[in-house]
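**Student:** Here's the letter readout for the chains.
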Amino acid sequence: MLKSLIYIFSFLFLGELIHYFLAIPIAGNIIGMLLIFLALFFKLIKLEDVKPASDFLVKYLMVFFIPYGVGLMVYVNLIAAYWVPVSLAMILSTLLSLYITGAIYQKLDKK
Amino acid sequence: MKAFFALPIFGVTLTLVAYFLSGKLKDKFNLVLFNRVLVSAVLIIGVLLLFNIDFETYNNGAKYISFFLGPSVVALGVTLYEKLEEMKRDLSVFLISVFVGGVVGIFSVILFLMLWNAPEILSRSLASKSVTTPIAIEITKITEGIPEITAGIVIITGILGNAFGPFILQKLGVKNNKAVGTALGTAAHGIGTARAFEISDSAGTYSGLAMCFNGIITALLAPYILDWLLTFSQ
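If you read the protein sequences in the order shown, they are chains A and B. Here the first sequence stands for residues 1 to 111, numbered as in UniProt numbering. Here the second sequence stands for residues 1 to 234, numbered as in UniProt numbering.
Since the hints were made in silico from the structure, they are not lab data. These numbers were taken from a predicted model, which means no experiment stands behind them. Hints may contain errors.
[Said to hold, decoys possible] Once the Cα atoms are required to be at most 25 Å apart in a straight line, the calculated SDA-like pairs of lysine to any residue come out as: (1) K24(B) x V42(B); (2) K46(A) x I79(A); (3) K63(B) x L38(A); (4) K59(A) x E120(B); (5) K63(B) x V42(B); (6) K63(B) x N52(B); (7) K2(B) x F51(B); (8) K51(A) x W83(A); (9) K141(B) x V103(B); (10) K63(B) x L50(B); (11) K59(A) x V103(B); (12) K43(A) x M73(A); (13) K28(B) x Y60(A); (14) K51(A) x E56(B); (15) K59(A) x K28(B); (16) K171(B) x K141(B); (17) K26(B) x K88(B); (18) K28(B) x F164(B); (19) K2(B) x R89(B); (20) K59(A) x L50(B); (21) K26(B) x L7(B); (22) K24(B) x D201(B); (23) K88(B) x K3(A); (24) K59(A) x I142(B); (25) K63(B) x H19(A); (26) K26(B) x N77(A); (27) K26(B) x K141(B); (28) K63(B) x L5(A); (29) K26(B) x M73(A); (30) K43(A) x N52(B); (31) K83(B) x M73(A); (32) K46(A) x K88(B); (33) K107(A) x K2(B); (34) K26(B) x F164(B); (35) K59(A) x F51(B); (36) K46(A) x V103(B); (37) K141(B) x V76(A); (38) K51(A) x V103(B); (39) K107(A) x I96(B); (40) K107(A) x F99(B).
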């Protein structure tokens with residue numbers, strides 16, 4: 001478990017490092033995700049070396065989002081003034097994006 | 001008492017207990033509305049309001065929990081690798097779906113806001129609403145919006161997709177697990193992905209990859225799409 005956690009953190013560290021020094025508009029954790037994927041793909045690291053920690057983290061992904069959900073209470077006043085257009089735009093755009101992505105995938109997948 | 005609530009153990013314990021309770025509630029009543037992030041956040045906000053504790057105080061501890069969001073996104077890369085064979089087969093289908101869905105998301109949110117005469121600053125803050133919070137905040141800094149509003153809307157979008165996405169997709173005839181996963185990751189980032197993992201492992205993997213891919217697409221395209229659309233409002 002410790003070894004796999006060190007691997008995960010090292011890739012996150014590397015991702016943050018690249019993000020910091022190249023100043024690219026992609027989050028360090030996303031860069032780390034791509035790098036660990038590539039490292040596994042090109043057999044630079046072994047799956048069993050990273051799997052214990054990654055399975056644990058993915059299982060509890062939802063827990064790590066809870067503080068962000070709670071943080072909404074801070075921003076509530078900022079959105080309050082324009083809540084009608086903001087809510088409508090957000091809901092309709094999310095539905096549109098959800099449906100179009102899913103429908104295209106399902107249609108093309110069948111062929 | 002205020003000093004006690006400011007101890008990190010308060011925010012950490014409160015978050016874990018709220019998550020545990022949300023699981024009990026979900027087991028008892030399997031309703032969409034009893035989404036675990038939503039229930040946990042409501043429980044915690046309730047406790048904070050009841051004891052007059054501000055978010056900063058709670059976040060002294062909670063930030064140790066949200067810190068794990070970073071490594072868990074990295075961990076998704078491992079899960080992606082495990083599903084590589086499955087993905088290779090229909091990679092082009094996947095990429096086309098995420099690309100079109102992601103671009104439609106950027107265009108539509110800006111157009112709807114323009115249609116209802118919302119101030120330009122909101123368009124600049126919401127263009128990245130479908131992508132994972134850290135990327136969305138970075139994009140908003142580039143598009144000169146308000147990152148705080150972005151963070152709030154991204155979370156609500158995620159909760160919306162997480163709580164109602166699978167139900168709505170099923171009603172609209174999208175039943176393929178991988179299609180549902182891809183749609184959740186594209187439109188509702190990591191919060192949608194968490195839900196996709198509850199549906200199946202492959203739905204979760206596709207959702208995680210869709211989140212990552214749409215994050216990159218949005219980071220690259222949103223500033224240009226925004227500038228182009230805003231020229232029509234002048």
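**Student:** Between K59(A) and V103(B), does the CA-CA distance stay at or below 25 Å?
**Tutor:** It is violated: about 30 Å lies between the C-alpha atoms, which goes past 25 Å.
**Student:** Keeping to a limit of 25 Å between CA atoms, is the pair of K63(B) and V42(B) held or broken?
**Tutor:** Holds, because 18 Å separates the two Cα atoms, which is no more than 25 Å.
**Student:** Under the criterion that the straight-line Cα-Cα distance not exceed 25 Å, is the pair K43(A), M73(A) satisfied?
**Tutor:** Violated: K43(A) and M73(A) sit about 45 Å apart, past 25 Å.
**Student:** Does the alpha-carbon distance linking K63(B) and H19(A) stay inside the 25 Å limit?
**Tutor:** At roughly 21 Å apart (the allowed maximum being 25 Å), H19(A) and K63(B) satisfy the hint.
**Student:** Is the straight-line distance between the alpha-carbon of K63(B) and that of L50(B) 25 Å or less?
**Tutor:** 21 Å, holds
**Student:** Does V103(B) sit within 25 Å of K141(B), going by the straight-line distance between their CA atoms?
**Tutor:** 19 Å, holds
**Student:** Compare the distance between the alpha carbons of K26(B) and K88(B) with 25 Å, and conclude whether the hinted pair is satisfied.
**Tutor:** 35 Å, violated
**Student:** Holds or violated: are the alpha carbons of K46(A) and I79(A) at most 25 Å from each other?
**Tutor:** 47 Å, violated
**Student:** Would the hint linking K63(B) and N52(B) be met if the CA-CA limit is 25 Å?
**Tutor:** 19 Å, holds
**Student:** Are the Cα positions of K107(A) and F99(B) separated by 25 Å at most?
**Tutor:** The hint holds at about 15 Å.
**Student:** Regarding the pair K83(B) and M73(A), is the alpha-carbon distance no greater than 25 Å?
**Tutor:** 38 Å, violated
**Student:** Are the Cα positions of K2(B) and R89(B) separated by 25 Å at most?
**Tutor:** Violated, at about 56 Å.
Checked against the numbered hints given earlier, this structure breaks hints 2, 3, 4, 8, 11, 12, 14, 16, 17, 19, 20, 21, 23, 24, 26, 27, 30, 31, 33, 35, 36 and 38; the rest are met.
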